[in-house]
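**Q** Protein sequence lines, in the order shown, are assigned to chains A and B. Using this note's numbering, the letters of the first sequence correspond one by one to residues 1 to 251. Using this note's numbering, the letters of the second sequence correspond one by one to residues 1 to 482.
Please note: incorrect hints may appear among the correct ones.
Stated by the list, open to error - Short, incomplete list of chain B residues facing chain A, as computed with Cβ under 7 Å:
#1 Pro31
#2 Leu165
#3 Gln431
#4 Phe433
#5 Tyr434
#6 Ser437
#7 Lys455
If you are wondering where the hints come from, they were derived from the structure by calculation, not from laboratory data. Just so you know, these numbers come straight off a predicted model, no measurement behind them. Note that beta-carbon positions come from the ideal geometry of N, C-alpha and C, so glycine has one too.
Residues per chain, in single letters:
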Amino acid sequence: MLSIRDLHAQIGDRKILKGLDLEVAAGEVHAIMGPNGSGKSTLASVLAGREGYEVTRGSVSYLGEDLLAMEPEERARAGVFLAFQYPVEIPGVNNAYLLKAALNAVRKQRGEPELDAFEFLELVRGKMKLMQMDESFLNRGVNEGFSGGEKKRNEILQMAVLEPKLALLDETDSGLDIDALRVVAKGVNSLRSPERAIVLVTHYQRLLDYIEPDRVHVLSDGRIRKSGDKGLALELERRGYDWIRQEAEVA
Amino acid sequence: MSTKTQDLERVFGEKYRHGFVTDIESDTVPPGLDEDVIRLISRKKREPQFMLDWRLKAFRHWLTMGEPDWAHLRIAPMDYQAISYFSAPKRRDDAPKSLDEVDPKLLETYEKLGVPLHERARLAGVAVDAVFDSVSVATTFKEKLAKAGVIFCPFSDAVLNHPELIERYLGSVVPHTDNFFAALNSAVFSDGSFVYVPKGVRCPMELSTYFRINAANTGQFERTLIVADEGSNVSYLEGCTAPMRDENQLHAAVVELVALADAQIKYSTVQNWYPGDEEGRGGIYNFVTKRGDCRGANSHISWTQVETGSAITWKYPSCVLTGDNSVGEFYSVALANHCQQADTGTKMIHIGRNTRSTIVSKGISAGRGQNTYRGLVKILPSAEGARNYTQCDSLLMGDRCGAHTFPYMEIKNPGAVVEHEATTSKIADDQLFYCRSRGISQEDAVNMIVNGFCKAVFKELPMEFAVEAQNLLSVSLEGAVG
C-alpha cells in the first residue's frame with residue numbers, strides 16, 4: 001500500500017530524513033519508534049503534505065500513485081489520514097461542521113452520495129460512543145478549549161468517521177493518562193482491518209501494550225536502523241536507543 | 001514577498017459581481033455645487049419651504065468646514081465641484097404609481113442584483129425600498145404596512161406627505177453641523193427611506209432598502225430616518241452595490257434613528273459598494289454618518305454591519321444612550337482586501353442611568369488592505385451604573401496588510417464598569433493545513449476559518465441576510481489564499 005524509497009527531506013538547510021525506506025502492506029500495523037529529533041514527526045508531516053518540508057530525493061508510492069505529487073486535500077480524499085501530534089484550534093468553527101465537510105469531501109471522492117445532517121449525526125453518534133465522548137463536543141469550536149486528552153480523542157473520532165485506508169498517528173499517545181490511552185487504543189483497534197494500514201509514530205513502548213504492531217522500526221538520524229517484531233519494542237524499552245546508534249556506526 | 005503571500009492573494013482575486021451598468025436615460029444635473037443647485041434639487045422634489053431653508057443653512061455651514069483628517073486613511077483630494085449632485089432615471093416627473101409603471105430596465109437591474117421587486121417573486125416578509133442613484137424607484141408592501149400603521153416610503157414622499165414628522169425629527173440626532181460629510185449630505189441629499197412605527201406596534205415584516213449607484217460622476221447622498229414610537233419594534237436592512245468604474249465615486253449618507261421609550265430598532269447593513277480594482281483604481285468613497293438616539297427609557301438600538309465593499313469606508317454607527325436603562329449594541333465585520341481602506345467603529349455615549357452597551361468588532365485584512373477599528377466609549381457623570389463591554393478582534397491574511405485599533409474611553413462616572421478585550425491573529429498555516437489534511441479544499445478552509453471568526457456578528461443578522469453576508473464574504477475572499 002505504502003512504499004517509501006530512499007526518502008530525503010529537509011527543512012531549510014537542515015537535513016532530517018536521509019534515505020528512509022519503508023514498506024507497509026494493507027492490513028498491517030507498523031510502529032515507528034526512535035529518539036527525539038530522529039525524524040519521526042517529519043516523516044508523518046511529509047506523508048500528509050505539510051508545507052515547509054522539501055523532499056530532495058526518493059519517492060513515496062501510495063496505492064501505486066505518486067503521493068508526493070498530490071495536494072494535502074487530495075491525499076486525504078484518497079484515504080490518507082494524519083492524527084496530529086498537536087491538533088489545531090479553529091475558533092468559532094463547529095466541530096461537527098468541519099467533520100461533516102471532511103466526510104462529504106472524502107465520500108464524494110469515493111463516488112458515494114453525500115450524507116445529510118441526520119445521516120451524519122447518526123453515524124457520528126455511534127463513533128462518539130466508542131470514543132466515550134460527550135455529544136456536546138459536536139457543537140464546540142474545533143479543538144477550542146479542549147484539554148490535551150480531548151484533542152487526541154477528537155483526532156481518533158475524526159479518523160473513525162473518515163475511515164481512511166492509511167492512518168498515520170503522530171505521537172497520539174503523548175500527554176495521555178492511562179484511561180485516555182485505553183480509549184484511544186480501543187478506537188484505533190476498532191479500525192484494524194485487512195484493507196487498512198496503520199502507522200504509529202511513538203516515543204514510548206507503552207502504546208504498543210494496547211495496540212499490538214505487526215512490525216516495529218527504529219528511526220535514528222533520518223533512517224530506519226533496525227526493524228523487527230513486537231519484541232524489538234520491548235528491547236528498546238529495556239536498553240534505550242543508544243545501542244542502535246552504536247550498531248549503526250559499526251556497520 | 002513570499003510565495004505564500006502570493007498564494008494568499010490568489011484566493012482573494014475574485015471579481016466584483018455587481019459591476020454592470022444599466023443603460024437608462026438619466027436626468028442628471030451638471031457637476032458643481034452652489035446655492036442654485038440646491039434650489040434646483042429642492043424644486044425638482046417640490047419640497048416645502050422649511051426643507052429648502054434647512055438645506056441652505058446646512059450648505060452655508062458646510063462652506064466653513066474642512067474634511068476630517070484624523071482617520072487612518074489615505075485619501076486622494078476630492079473635487080466637490082466635479083461631482084454631479086443629482087441623477088434620476090428619466091420620466092420620474094410622473095412618478096410610478098405602481099410597480100407596473102416602473103421602467104422594466106430598472107426592474108431588470110434589481111433582478112440581476114438579486115433584489116426582485118415584484119411582490120410575488122419577493123422573499124416573503126421583507127418590504128423593499130429601492131433607491132437608484134438619487135431617487136427611490138419602488139417601495140413594496142406599502143399597503144400591508146399601512147394597515148399596521150407603519151409608514152415606510154421614499155424620503156421625498158415623506159417630506160411631502162408627513163412634513164410634521166420630518167420637521168420634528170430630521171437633524172435631531174445628526175444635526176446639520178455635525179461633521180463635514182453630514183453637512184454636505186444635509187444640503188444636497190436626494191432621497192432615502194423614511195420609517196415611522198407608531199406606538200405599541202411591532203412592525204409585521206423586515207423593512208429593507210436597496211441602494212444602487214448607476215450613473216457616472218455622480219455622488220449618492222441618501223438620508224434615512226427611522227422613528228420608533230413608544231413600545232414599538234422594527235428591524236431594518238440596508239444593502240448597497242455600484243458599477244465598476246475607474247474613477248472614485250462619493251457616497252455620503254446620513255442615517256438617523258430615534259427610539260422612544262420601550263422601543264427597539266435593529267438596523268442591519270450589508271455594504272458591498274464597488275471596492276476598486278486590485279491596484280486601487282476606482283471604487284466608492286463611503287463616508288457615512290449613522291447615529292441612533294435611545295431617547296426614551298428602556299429603549300434599545302442595535303447596529304449590525306458587514307462591510308465588504310468600498311475603496312474607503314469611514315463610518316461609526318453610534319448610540320446616544322439618553323434614556324435610563326437603554327441599551328446600545330454594535331456588531332461589525334469589516335473586510336479590507338486589495339487596496340481597500342476601512343476606518344470604522346462606533347461611539348457609545350452613556351447619559352442615562354443603568355445604560356448598557358456592547359461592541360463586537362471583527363476586522364479582516366488581506367492583500368494590501370488597511371483595517372482600522374476606532375471606537376469611543378463615553379460615560380457621562382449622570383450615567384450611574386453604566387456598563388460597556390467591548391471585544392475587538394483582527395484577522396490578518398498575508399504579510400502586506402494592516403490592522404489598527406484605536407479604542408478611546410472617557411469615563412466620568414466612577415461606578416461605571418467598562419471591559420475591553422482585543423486580539424489580533426493570522427490565519428495560521430497550521431489551521432489551513434489541518435483542514436486540508438481532512439480533505440477540505442484550501443478555499444473552503446479559508447471560508448470556514450473566516451466565518452468562524454465572524455460568527456458572533458453573523459448570528460445577529462436576520463436569517464436571509466446572514467446567508468447573503470457569508471456568501472459575500474467568501475466571494476470577496478476568493479483568491480486570497482492559494
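**Q** Quick check on B/Lys455 please, does its C-beta sit within 7 Å of some C-beta on chain A?
**A** At 4 Å from the nearest chain A Cβ, B/Lys455 passes the 7 Å test, so the hint holds.
**Q** Does B/Ser437 hold up as a contact with chain A if the rule is Cβ-Cβ below 7 Å?
**A** holds (5 Å)
**Q** Does B/Gln431 pass the interface hint, meaning its C-beta sits closer than 7 Å to a C-beta of chain A?
**A** holds (5 Å)
**Q** For the hint on B/Phe433, does the least C-beta distance to chain A fall short of 7 Å?
**A** Holds: closest Cβ of chain A sits about 6 Å from B/Phe433, inside 7 Å.
**Q** Let me know if the C-beta of B/Tyr434 comes in closer than 7 Å to any C-beta of chain A, holds or violated.
**A** Check passed: Cβ of B/Tyr434 comes within 4 Å of chain A, closer than 7 Å.
**Q** Tell me if B/Pro31 is really an interface residue toward chain A, meaning its C-beta lies closer than 7 Å to one of theirs.
**A** Nearest chain A Cβ about 47 Å off; hint violated.
**Q** Report holds or violated for the interface hint on B/Leu165, using the least CB-CB distance to chain A and a cut-off of 7 Å.
**A** violated (42 Å)
When held up to the earlier numbered hints, the structure conflicts with 1 and 2 and fits the remainder.
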